[in-house]
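Undergrad: In this text, residue positions in the sequence shown follow my numbering: the first is 504, and each later residue adds one.
None of these hints come from the bench; they were simulated from the model. Hints are supplied without guarantee of correctness; some may be wrong.
Straight-line alpha carbon distances no greater than 30 Å define the calculated DSS-like cross-link-like pairs of lysine-lysine that follow [said to hold, decoys possible]:
#  : residue 1 : residue 2
1  : 1210      : 1223
2  : 650       : 693
3  : 889       : 878
4  : 1210      : 1287
5  : 1223      : 1287
6  : 1132      : 650
7  : 676       : 1132
8  : 1010      : 965
9  : 1223      : 878
10 : 1010      : 936
11 : 1224      : 878
12 : 807       : 819
13 : 889       : 936
14 : 786       : 965
15 : 1106      : 627
16 : 1287      : 899
Restraint-style ranges between C-beta atoms, simulated for each label pair [to be verified]:
#  : residue 1 : residue 2 : range
17 : 635       : 609       : 58 to 68 Å
18 : 627       : 1262      : 49 to 59 Å
19 : 627       : 1123      : 25 to 35 Å
20 : 937       : 865       : 23 to 33 Å
21 : 902       : 926       : 54 to 64 Å
22 : 1122      : 866       : 18 to 28 Å
Heads up, the beta-carbon is just placed ideally off N, CA and C, and yes, glycines get one too.
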Amino acid sequence: MEKLIFLFVLVTLPFVVYQDASALTINAVPEKQEFGANDWIKVNVTIQGYNGGQVNWVAHRPDNSTISGVLDQQIRSGKAIHQIIRSANDNEFGPWLINYAYEGSNQTVRVNVMPLDLTVITDKITYYEPDTMNINISSSYYSPYAKFAHSYFLDFYDQNGNNAIGITEIEVKADQPSVTYHFPMLQFAKYNPPGLYNLKIQYFNSVKYVPFILGDINKLIDISVENSATFYSGNQVELDLIFTKLTESSGTIKITDPLGNTTSSQFYPQSVHYVLALNNLPKIIGTYNFEIDYAGIVKTGSFKIVQNSLELPNIKLDIFPNKLNYRPGEIANFEIHVSNVTTNSISTWITSPNGNASPAILLPMDTTEIIIPHKIAQNDSRGTWKLYVNYDGIIKNSSFNVDGSPVDSGEILDPVQYNIPTFVSAINSTTFKSPTGIAIDQDNNIYVVDSGNSKIKKFDDKNNLLLSWGDVGSASGQFKNPSGIFVNENYVYVADSGNSRIIMFNKTGSFVYSWGTYGDNPGMFQIPTAINSDHSGDLVVGDMGRGSIQLFDNKGTYEDKIDSSFADGASFSGIKALAFDSRDNLYTISTDNKILKYSSIGKFLNWYGSTGTDDGRFINPSAIAIDSKDNIYVADTGNHRIQKFDSHGNFLWSWSMQQNGQGGFEQPVGLAIDAADNIYVVDKQENSVQKFALYGGTANILPSWIKNTSIGWAEGVLGKKDFSQAVIYVVNQGIIKTPSMNLDDTMKIPNWLKGNVRQWYSGQIDDNTFWAAIQHLLSIGAMKI
């Protein structure tokens, strides 16, 4: 019996020990299997049978080194979140093994830390002084919120490893997978000689070097030569010379007269734009050839001298493109203006960047103004093109640039962008006197510059007056002809035009600070009229009396400026209004009736419009605003309308009293758009502020490009695909009902239809009649698109 009991104990004892061991287990589960390059490693650790004391851990890193520690205070009731604090600076990318040990029990977990990929690409290798280096930086780790994002640090070194002169380290936020920094070479070339350099980009401990060459600008001189006219009477001839850079004090011009005699003389340019007057030409009738030699660059041309002025066409010919830079697929519109009609036709042709000329097209011209459209093909080469016109022997040209991503047809056919805004409400204040500027804060409170009363008036989103402050004068908080206004989270900034200063208030109207006085030095103003802010909080001030746009921090400390320049279309004598889009591109209205577009670092990108009453042109525009889709709205004051453009500067529609009845305008001078895409329009003459909803209504207008494209096809300057696209838009809007269509190479459009298009364009056929005819042609198969 005793033996049996002994055996029972021997058998059961191991069973009891096994139960105790199984009760003590470690369960370690990582928060995720793959951690980002900059993430802490987090592991949820649970110990069954925890009796207190330390839990030891050892982490084996990808480089075979180890780190270790204990879990003691942080482990409660056998549970803890173990965090290994690390960052991308440790370069420990790859597999990690972490072992946990407690009272003889162990568990190992495996996690992977994703690598920190850093890619740097520049747009070319050799740069010159006028160039901008476009630096594209991509990485596998970023934060979409700028204030939390880490930074790329950019430094420049010469070939000996020394820091480039005059260039400080540049910090660029990594707030998206790929960012492009535009580095102007002007400052770099000012202090550093031509040669080989290195761009260093550091992100955490990852470093990339990109070599580049600073070229010698003296070897990149170019000259543009334009005749002020083609024919001359007498011996007064002027040549317009534009230099990329002045490197020599003088140049040589050689002139060969109609008899073959050659004379040479020196000229002495004083600026990059220089008018060379040829005053002592021989009085010989015929064609003269000239050759200009400057800094080794040679340009040639010719002009003709006629017997007397009666042989000259008594006209002035001008060409006005609707903007400077176009994308492939866009239509460039050129307004042709002549001082008087001397013949009933005009010829036009295009030259490509490599000098190839298209066949000339003859167009009817029985008025002093016509629009010549030119469709830029999807595969047209990038670069500078020229449109030429010949009217009664007078030949002129206008340059335009092609660059950027091609246009998707869906952009043109989207009807939402052609919506006419819907009237919502009006601020029924009978006390306004010549109001000008308007701004909206994040709570949808409305601030109006009641300029004639020298006051700022604040309304809630129900148009109720909340408060009013200010009076006429030059003391703190007083105004003389205030105009522009901007509101951020904390402050209200007012352009006090008559006192040449900016005044800063809190949102209850209490004076905080003012800066500026009359003058031309940095931080001084003449007639400040517009103020706004980019997304970083820096303030930008436009001045009608200065050829520069000034940048300040949010406390009014001067930081930088954007100057008027000789770049094509980038010159201005004053700025009337400004706004930023979602990418911090800056749009300004210049005093010469143009919209100028700059990048977030102040690089000139494009200009839109010119003086006139046609679509996309302005008379005394006064305000600009940008909606959530980056569409642009301009208060075209002199034309009593608001014009809308897409983000590339293409005209979409105009909106005026004649179209709308209620909600029309006499003198629109102020625009603001709230977060819900409602637009507020200040009318100075009507002393009113009206609110309209930009989206949500019905696309109830036929875009002007439909008729313009149709007549362009009829006159032979646009193709049948362009006309088909216009018809497709009309079909999509239900104006025409027809079987489904495909835009392909099987299009069938009878040429005789061009006559109907001309009648429709001139008003001899109304819209309904014309589109009914198109529908009939489609239904019987006489027309296919």
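Undergrad: All hints, please: hold or fail.
TA: Do the hints match the structure? See the list:
For a cut-off of 30 Å, the pair hint linking residue 1210 to residue 1223 stands: about 14 Å separates their Cα positions. The straight-line distance between the Cα atoms of residue 650 and residue 693 is roughly 33 Å, outside the 30 Å bound, and the hint therefore fails. Distance hint between residue 889 and residue 878 is fulfilled; the C-alpha atoms sit about 13 Å from each other, no more than 30 Å. At roughly 19 Å between alpha-carbon atoms, residue 1210 and residue 1287 fall within 30 Å of each other, so this suggested pair holds.
With a C-alpha separation of about 11 Å, the suggested pairing of residue 1223 with residue 1287 holds against the 30 Å cut-off. At roughly 24 Å between alpha-carbon atoms, residue 1132 and residue 650 fall within 30 Å of each other, so this suggested pair holds. About 24 Å separates the Cα atoms of residue 676 and residue 1132, which keeps this hinted pair within 30 Å; it holds. Taken as a hint, the residue 1010 and residue 965 pair is honoured in the structure, with Cα atoms around 18 Å apart against an allowance of 30 Å.
Distance check on the hinted pair: residue 1223 and residue 878 sit about 11 Å apart at the alpha-carbon level, within 30 Å; holds. Using a Cα cut-off of 30 Å, the hinted pair residue 1010 and residue 936 holds, with the two alpha carbons roughly 22 Å apart. Between the alpha carbons of residue 1224 and residue 878 the distance comes to roughly 11 Å, so the proposed pair stays at or under 30 Å and holds. Between residue 807 and residue 819, the direct Cα distance comes to roughly 17 Å. Compliance with the 30 Å bound is thereby established for this hinted pair.
About 48 Å separates the Cα atoms of residue 889 and residue 936, which puts this hinted pair outside 30 Å; it is violated. Distance restraint check for residue 786 and residue 965: the Cα-Cα separation of roughly 76 Å exceeds the 30 Å cut-off, and the hinted pair is therefore not satisfied. A threshold of 30 Å between alpha carbons decides the hint, and for residue 1106 with residue 627 the separation of about 18 Å falls inside it, so the pair holds. For the hint pairing residue 1287 with residue 899, the CA-to-CA distance comes to about 39 Å; that exceeds 30 Å, so the pair is violated.
Checked against the hint of 58 to 68 Å, the pair residue 635 and residue 609 passes, with Cβ atoms roughly 59 Å apart. With their beta carbons about 52 Å apart, residue 627 and residue 1262 fall inside the hinted range of 49 to 59 Å. Distance hint check: the CB atoms of residue 627 and residue 1123 are about 42 Å apart, inconsistent with the given range 25 to 35 Å. Restraint check, residue 937 to residue 865: a C-beta distance of roughly 50 Å breaks the suggested window 23 to 33 Å.
Separation of residue 902 from residue 926 is about 42 Å and departs from the stated range, judged on CB atoms against 54 to 64 Å. For the hinted restraint 18 to 28 Å between residue 1122 and residue 866, the CB-CB distance of approximately 26 Å keeps it satisfied.
The earlier numbered hints that this structure contradicts are 2, 13, 14, 16, 19, 20 and 21.
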